[in-house]
Amino acid sequence: MSEIAKDLHTEHMVINMGPSHPVTHGTVKFLVTLDGETIEDLKVEIGYLHRGFEKMCESGTWYQVFPYTDRLNYVSPLINNVGYALAVEKLIGIDVPERCKYVRVIACELSRIADHMTNVAAGGLELGAFTAFLYFVEARELVWDLIEMLCGARVTTNYVRIGGLKNDLPDGFKQKTLEVFKRCRVLWSDVNKLLTKNRVFIDRVRDVGTMPAEEAIAYGFTGPCLRACGVPYDVRKANPYLVYDRMDFEVPIGETGDNFDKYLVRMEEINQSMRIVEQALEQLPGGPINVDMPYYRWQSKDDIYNRIDSLIFHFKTVIEGIKPPPGEVYLAVESGNGELGFYLVSDGSGKPYKCRVRPPCFPLTAAMPRMMKGRLIADIVPTFDMINMIGGECDR
Amino acid sequence: MQLLMFYLLGLGAVVAALIMVTNKRPVRAAMSLIATMSFLAGLYVLLDAHLIAALQLIVYAGAIMVLFLFVIMLLNIEEKEGRLAGSALLWQMIAIAVVGLVFVLMVSVVKLSDNVVPLGEAAALFGTTRAVGKMLFTEYLLPFEIASVLLLAAIVGAVILAKRRIDDSDQ
Amino acid sequence: MTQFDGKGSQVTVGVPAGRLKPKRVRRNLDLTLWEKLYVFEIIRGMYVTTKHFALNMLGFVLPPRGKKRSVFTVYYPDEKVVLPPAYRGRPVLVMRPDGTERCVACGLCETACPGHAISIVGAERENGERYPLSYVLDMTRCVYCGFCEEVCPKEAIVMSSEYQGLAETDRSRMRYSKEQLLRSEESVKGRIEYIRRIYSKCNY
Amino acid sequence: MVADLIESVAKIVFIFSINLGFFAPILGWVERKQSAVMQDRIGANRANIGKFTIIGLFHPIADAVKVLTKEDFVPAGANKFFHTLAPFICLVPAIATFSVIPFGGQYELFGHHVNLVIADLDVGILFVFALTSLATFGVVLAGWSSRSNWSLLGGLRASAQMLSYEVAMGLAIIGIIMVFGTLKLSEIGAMQENFLHWGIFIQPLGFILFFTCAVAENKRVPFDVPEAESELVAGYFTEYSGLKFVMFWMSEFLEIVTISGILTTLFLGAWHIPFVTDAMLLSFFQFAGPNGATILAMLVNIATFFAKVIFFIWLQMTIRWTLPRFRYDQVMRLCWKMILPLSLINISITGLVLLLWIK
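Protein chains in written order, with my numbering: chain A, 1 to 396; chain B, 1001 to 1171; chain C, 2001 to 2204; chain D, 3001 to 3359.
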């Protein structure tokens, strides 16, 4: 009998899944060892989008980091802007005005909506549900229209400044937002009808990519993927920044951390984020949007045009950069994928001495082999979509 | 017209069968076998046996041969270039001679019994689904059922073979 | 921040109870037999898509008010989206009415540019006024961040709303010279007004 | 004899021109446009001659020009012979299948008997199965001969899926064949003259099962696992380009038409208009004289048939753009654990009903 068994041995097939593969969109490579269609082993190779973000930041002034942060998680750039600004403000020890906080919250949540919509939609797309994808892309375009109205660009926002914002909310923003949300909710319910109870979709995502809560924490999961495991951890609640403690919203949590939970958590978070934006718009106070600390701000145009001292000072701050006191700081915000942390070290000069980013999707990507071993090759698709690995953020 | 078709199809079947036997590349051999099956189906059509022709295509060409191909592809059999040994060649020649003899015999038997009675009234229904079905479920019911038992035995055997392999790998 | 009681679900240190409002998403959406049968859910999904189909087809014939059709897409070269005043397109230099540039070659934009896209060679006119002898904007490096506009003390460089013709097949053609970048004051009037409004006061 | 020949040639030319000349190119356009409108988009509309774009209808022409001028690429290490043969094996059955589908009834025209089906085979429906089972080889060979891992996986999935669904498809229509008592598609069509005798009312379960199997056999979403672009790049035709690539697509589109034709014939009353019998139709066109009336009735029947075919095409397209795709093992589970038992139940119930009530 052993003779037959020897003859009937199976050979493993090693496949390069990516970087130029539809599911890895050029930013990651899976080295998959297959037995038939079952994954025996999976190695993740990242680094296809490495730009040297951290080093680039250290070569520019504190201000010049902002355009680079746009490109971390390029689907929710405003959260990255806010995260970096908050970290620098914590380093300096300034507190931004109330109105600024509210506007930042609005900007963050709009970004989060766009991020989750893109993620859920792309997840559907790669499972073949093209129509659901385009419904959410339509909604996302509407949200991006709002962001464009606010910042002047859809993706490369560069909106937040140290100690404030580039500009205030434009006229008619509130009304436009409410209109957009109305349409978004319609599209949300359409996608919900197309996917949430569709058995084909449920079969594909349920019980795939499960993660026990302990292991998820051990891996360093944060954000929707951790909440899907049943851990109610959200930086906005656990460690409220800006004015999140004044907002009334719920933290959706799942149970087993499979892809279906991640999907449901994200769908629910879209709703919660819309609620937050509406509340913030309702409570929005008047007043300034920037701190009145000229040393940490680029000078206003009025001052530059009319006052020679301001002009000189302007030259000084632009060329030398603002100079936070020496020290180090870590500050995390809740980005679309989870805890986006900035660890900054200042040596008192105009440039960051060290600018380290804790990308939320790096631990998630690292857990791919754990989630995928023994599953089918088709399961890579929803799992990889639902951890929402963004090359710009993961590789930096 | 019909005769011409017969010769064309027959020639095709024979040539494809020869290719099947002589070709050393398994996939090509399998494909030639499929071609043979298809030509045979054509011959059945000429005989007015449409049902048998369709079944030939569905069962043999469509289902069984796909499995053959499947297996060949999965096993990734190397194309062997080795030559037949002398004694094997001799045996082959003998085998071909015997088969040829049998063929000649069969043809002559058919030729001799050429003046069999025409099919008569049954001819109108010959080869139709209804006729074949009736035959199958009345006259030939027992052989039909026995054949299915044979298939069942084959399935059980296959399962046992596959099962034992798993046991071995467990140990 | 987060701890485990060993059973795998309850947690959180540092978050006062009550502030956190966890909401369980229904995981085991109990599929009824009706939903398990595939067919009816498929029909429901098809109802959604067919509704969109029908409404959009109707929108081609009877467009909704203020729009040409009810679908979302814009026929790009024939129709264009209305850009908000905040939109940041290609940076351009502003020209005075007499044809000279406003820029005084102070070099602030060059310094503030995170991509090092701008390189200026300054010179002086006979009347002692500085001007850029050459002003090269390398659009392969520009990231459209708008810092140049934000730091410029002379309103000399602004982000126009131009977005066409930015792509080239040759990098050398994407290095724009001063002459290619100069725009009349009229054509960027709206943007200059917008800048004055948003950057005029640091603290409004 | 001559009249027979003319009739045959006319029918063949008609079916070929409507399939290859109308459906195959137009379906690509339909798929783009329908999906676009469903998804709040406009869809391809840029191909133009001068200023005319006629809602993107030039795109099939542009596509044809494109594929004809594209490099016909055979990957290194591929088996050239089978790599070239595979798309033909796919395409030929797809074209040939329509020859047994009746697109109209039988008429007496100028004293000549006209039967609107190219080959009125006694085993009509089995012929369809025979040919579709041959199409499997095209897919398998395409996957194997490309020498690409993705293609191989796609080919394996395709062969397993098509084989399984062939079985289920065969069992799913047994019910309707039992009811009508014949395999001849023209007879089945003729029996559905009465609206209430349409197959869909007699065999609703059989209809759903057969429809599912047919979509699976054609490898369309949600059963497109052999070519799932997010998993296997493009499955068995990953390594194809140019004309050969299009032949796979054409065979897929033609199979959509064929499936729609079979569904129409078996379940949706073939060429009959609801509540209108052939005699009523003839008497309605009485003003045109006997032959004229027959011709008009014939045209109406053909139009009805193709209207139904177009309805089914629309239905398949809508399904394709609504659903996500299954996983490979789920496809198999659906076939062997749901469709197969259900079709067996369907057969038993049909048999019991026939035995107890009808006989």
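Read the hints as simulated data drawn from the structure, not as lab findings. A hint or two may mislead.
Below, a list of computed lysine to aspartate or glutamate pairs in the DMTMM-like style, where the Cα atoms sit at most 25 Å apart [stated by the list, open to error]:
no., chain 1, residue 1, chain 2, residue 2
1, A, Lys373, A, Asp41
2, B, Lys1024, A, Asp203
3, C, Lys2023, A, Asp245
4, A, Lys55, C, Glu2110
5, A, Lys176, C, Glu2193
6, C, Lys2154, C, Asp2170
7, A, Lys29, D, Asp3120
8, A, Lys55, A, Asp347
9, A, Lys193, D, Glu3031
10, B, Lys1134, D, Asp3120
11, A, Lys101, A, Glu11
12, C, Lys2154, A, Asp203
13, A, Lys373, A, Asp168
14, A, Lys197, A, Glu215
15, A, Lys182, A, Asp248
16, A, Lys174, A, Asp245
17, D, Lys3033, A, Glu141
Computed list of chain D residues with no C-beta within reach of chain A, every gap over 10 Å [to be verified]:
no., residue
18, Asn3149
19, Gly3181
20, Phe3326
21, Thr3350
To be clear about the criterion: a stretch of chain D counts as covered by chain C if any three or more of its residues have a C-beta under 8 Å from a C-beta of chain C, and this derived list gives those stretches [stated by the list, open to error]:
no., segment
22, 3019-3029
23, 3039-3051
Think of the CB as a built atom: it goes at the ideal place given N, C-alpha and C, for glycine as much as any other residue.
Taking the hints in turn, this is what the structure says about them:
1. Note on Lys373 of chain A and Asp41 of chain A: the hinted pairing holds, with a Cα-Cα distance of about 6 Å set against a maximum of 25 Å.
2. This hinted pair does not check out: Lys1024 of chain B and Asp203 of chain A have alpha carbons roughly 45 Å apart, beyond 25 Å.
3. Among the hinted pairs, Lys2023 of chain C with Asp245 of chain A is consistent with the structure: their alpha-carbon atoms are about 17 Å apart, no more than 25 Å.
4. For the hint pairing Lys55 of chain A with Glu2110 of chain C, the CA-to-CA distance comes to about 20 Å; that is within 25 Å, so the pair holds.
5. For the hint linking Lys176 of chain A to Glu2193 of chain C, the alpha-carbon distance of about 23 Å falls within 25 Å, and the restraint holds.
6. Taken as a hint, the Lys2154 of chain C and Asp2170 of chain C pair is broken in the structure, with Cα atoms around 32 Å apart against an allowance of 25 Å.
7. Straight-line distance between C-alpha atoms of Lys29 of chain A and Asp3120 of chain D comes to about 55 Å, which puts the hinted pair past the 25 Å bound.
8. Only pairs whose Cα atoms come within 25 Å are accepted, and Lys55 of chain A paired with Asp347 of chain A is accepted, the gap being roughly 16 Å.
9. Pair hint Lys193 of chain A plus Glu3031 of chain D holds up; C-alpha atoms about 23 Å apart against a cutoff of 25 Å.
10. As the CA atoms of Lys1134 of chain B and Asp3120 of chain D are separated by approximately 22 Å, the hinted pair is consistent with the 25 Å bound.
11. Note on Lys101 of chain A and Glu11 of chain A: the hinted pairing is violated, with a Cα-Cα distance of about 59 Å set against a maximum of 25 Å.
12. With a CA separation close to 62 Å, the supplied pair Lys2154 of chain C and Asp203 of chain A exceeds the 25 Å bound.
13. Our distance criterion of 25 Å between C-alpha atoms is broken by Lys373 of chain A and Asp168 of chain A, whose separation comes to about 50 Å.
14. Our distance criterion of 25 Å between C-alpha atoms is broken by Lys197 of chain A and Glu215 of chain A, whose separation comes to about 29 Å.
15. Between Lys182 of chain A and Asp248 of chain A, the direct Cα distance comes to roughly 20 Å. Compliance with the 25 Å bound is thereby established for this hinted pair.
16. A hinted pair counts as satisfied when its Cα atoms are at most 25 Å apart, and Lys174 of chain A with Asp245 of chain A qualifies at roughly 22 Å.
17. About 21 Å separates the Cα atoms of Lys3033 of chain D and Glu141 of chain A, which keeps this hinted pair within 25 Å; it holds.
18. In this structure Asn3149 of chain D is not separated from chain A by more than 10 Å, as the shortest Cβ-Cβ distance comes to only about 5 Å.
19. Interface exclusion of Gly3181 of chain D from chain A stands, the closest Cβ pair being 36 Å apart, more than 10 Å.
20. Non-interface status of Phe3326 of chain D relative to chain A is broken: a Cβ of that chain comes within 10 Å, the nearest being about 6 Å off.
21. Against chain A, the non-interface label of Thr3350 of chain D holds: every CB pair exceeds 10 Å, the least being about 27 Å.
22. Only when three residues or more bring their CB closer than 8 Å to a CB of chain C does the claim for the segment 3019-3029 of chain D stand; here the count is 0, and the claim is violated.
23. By the rule of at least three residues with a Cβ nearer than 8 Å to a Cβ of chain C, the coverage given for the segment 3039-3051 of chain D holds, with 5 such residues.
Checked against the numbered hints given earlier, this structure breaks hints 2, 6, 7, 11, 12, 13, 14, 18, 20 and 22; the rest are met.
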